[in-house]
Amino acid sequence: MLFKENVILALRSLKSNKMRAFLTMLGIIIGVSAVIAILTVGNSITKNVTSMMNGLGANDVFIAVQEKKNSTETEDEIKALKVDGLNFGKSSSSTKMQQSDYITTEMIYSMCEEFKDEIYAVNIYDQLGNADVAYEGKKAKNSVVGTSVGFYLSNSVDVVEGTMFSPSDFDEGKYTCLIPTYTAKRLFGKNYKDAIGQEITAETSYGDVLLTVIGVYKTNGRNGMMMQMGTSIHSTYVPLKTAMALDHSSGQYSFFQVSAKDGINPNSLKGKVKSFLEPYFRNNARYTVAVVTYENILNMFYKLLGMITLAISIIAGIALLVGGIGVMNIMLVSVTERTREIGTRKALGARNSSIRAQFIVEAVIICLIGGIIGVVFGILMGNVASYFLGYPADPSILGIVISLGVSSAVGLFFGYFPANKAARLNPIEALRYE
Amino acid sequence: MIMDNGLNPASENNKEYVIRLKDIVKKFYIGRPNELEILHGISMDVKRGEFVSIVGPSGSGKSTLMNVIGVLDKPTSGTYYLDGINVEEADEDELSDIRNQKIGFVFQTYNLISKTTALSNVELPMLYAGVSARKRRERAMELLSLVEMEDRAKHLPEELSGGQKQRVAIARAMANSPAIILADEPTGALDTKTGRLVMDIFHKLHKEQGITIVLITHSPELAKETERILPLRDGNIIYGGDSPDLSAV
Ligand SMILES: Nc1ncnc2c1ncn2[C@@H]1O[C@H](COP(=O)(O)OP(=O)(O)OP(=O)(O)O)[C@@H](O)[C@H]1O
Ligand SMILES: [Mg+2]
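Chains A and B, in that order, are what the protein sequence lines are.
All you need for this note's numbering is the position in the first sequence, starting with 1, plus 339.
All you need for this note's numbering is the position in the second sequence, starting with 1, plus 3.
No lab work stands behind these hints, which were simulated from the structure alone.
Among the clues, some could well be false.
The calculated lysine-lysine pairs, modelled on PhoX-like cross-linking and capped at a C-alpha distance of 25 Å, are [claimed, not checked]: (1) B:K138 / A:K343; (2) B:K118 / A:K357; (3) B:K77 / A:K760.
The following block holds chain A by itself, in its conformation from the complex (with noise of 0.2 Å):
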């Protein structure tokens, strides 16, 4: 079979020239080195947003606190959230938020009040920030979140070992926590039963706080909405009195959750929650409320994906694109090198078609070759990455292949000119070429 006589003529090729070959692939090591760690990266925060999604209540509708942008715009506050993306619910770092500007505990009171036949349960949230949890030295980045008892009734999170909270700890506002598995795995290793009663330490910006452990939570969605960008996903909860004990805040809330009863439809509860509680921000000069339901945040996630997506798409493009040509020149000039030679295997009877199978396998073989170098680097970057951001790393298996493909289908479209010049040379001008 000459195709394996090629390939090892491919090999011996690039062997004879280790310097060339690899300066060749550098293109194409950089392009699918870049997209296989963006998209392990990225597959990651997919799949742990999307296991979030899927626990998000269908029935939920969001209540955000958030800056007026202009007064079209509030007008559509999904309109908003394209501009802003994750932003939602998020107060800008640059304009510090009044007491006016919150949203009460009377307001939520008189909203449940009007729409009690179709609210199923509230859950309001004290964000305390983000905070390293510590026990006996080891850490973990997480978000603290106060929450109240809406919290539970709606059923925000799995509790795997331990107990949810008692109502005493609501009411009491005791130092109690909720930890993720995430988090109880860091702190307390792969058996975190012995989490339960432990004493953690969490930092916050409002100082540090010791908390006992009652319970480790399995992520099934409803907090996911406490994502934002530059927070950390992985929330350790504590009771809302004790949030609000900590922050010295009093009753007042950027953002809150509203889960519709059973038949009610989500989107129509959005709207009429809306037009309750926007007479409260009418002569606001700078916030206003915004309400988005599960099905709104995640089709703005899906847009996001699209984004990202092509953004990728883009980048491997250039890169590749860059790396192809890269790999035509280097080829162009191996078969001007090589002319005495090819005149040589066509005196020996090579068809035109063994020369042209020749050379397209050598510029396939390099891109391969820089794609598998570029598919364990992205990979490597990929998982370094992740563990930064605190996501366990999971490379696209389906990225991988695809991006194997495409560097061989580059060497087959940017070997094939080259190669086929090869192909074509005169046999006896090709045996004179000095």
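On the provided structure of chain A, position chain B with the ligands as indicated by the hints.
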């Protein structure tokens, strides 16, 4: 197969002849002001099993003629039957196959494929012929021992002397048992002693294997060793052919 390509059994396809050239003209730069006629209507025959030499001064057209005989190049006009095949009618792939099956080239500059062992070099024509790996290896080793190079089978051309390279090249030329070996100044780059060795191999192949050989050389001494000399001057064969067209110029 390529063998039944345009073949006319009645006249030109005489199994006695390996090469039949008739009125071969080769021009370069055709239709341009600097049009150049190098071969002016050459007719010559080579019988099966003959050892023939073509001699002539530099620039007389020896290599040009060899390229025509070796079907690396097509003549501008004239007819050429190689082993009974009318070469004119062959397309490019068929010409490749003819070179592969019928002709063994030996070049002045050896033209071994670099970074490729002597053995693989000898195997190459068989590779293009689609011979199985095992048979290739067997035959290549056989040929290498014929030229007394079997102990250098795994050596790269870069590690061989000129004479050794030429012996490997001869083994390679023999790979597919060609109808003819075409050697263009095979000793041109070698010293007298090494050249002698190479010539001895040709004689041995001719005597023991009955190979048809066309040797191109500008050395009258070497030419005298062959059975028949075809002197080439300014694109004409001036003596020695047995075709009636060959009147002296
Ligand atoms: N491809 C070509 N294009 C133009 N002219 C050519 C070409 N090939 C050969 N010639 C010319 O044809 C003439 C004969 O060349 P050729 O190589 O056949 O000579 P030769 O007899 O082999 O000489 P030497 O003994 O030096 O090898 C020369 O004048 C050469 O310049
Ligand atoms: Mg010559």
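Find the hints from earlier in the document that the structure breaks and name them by number, from lowest to highest.
-> none
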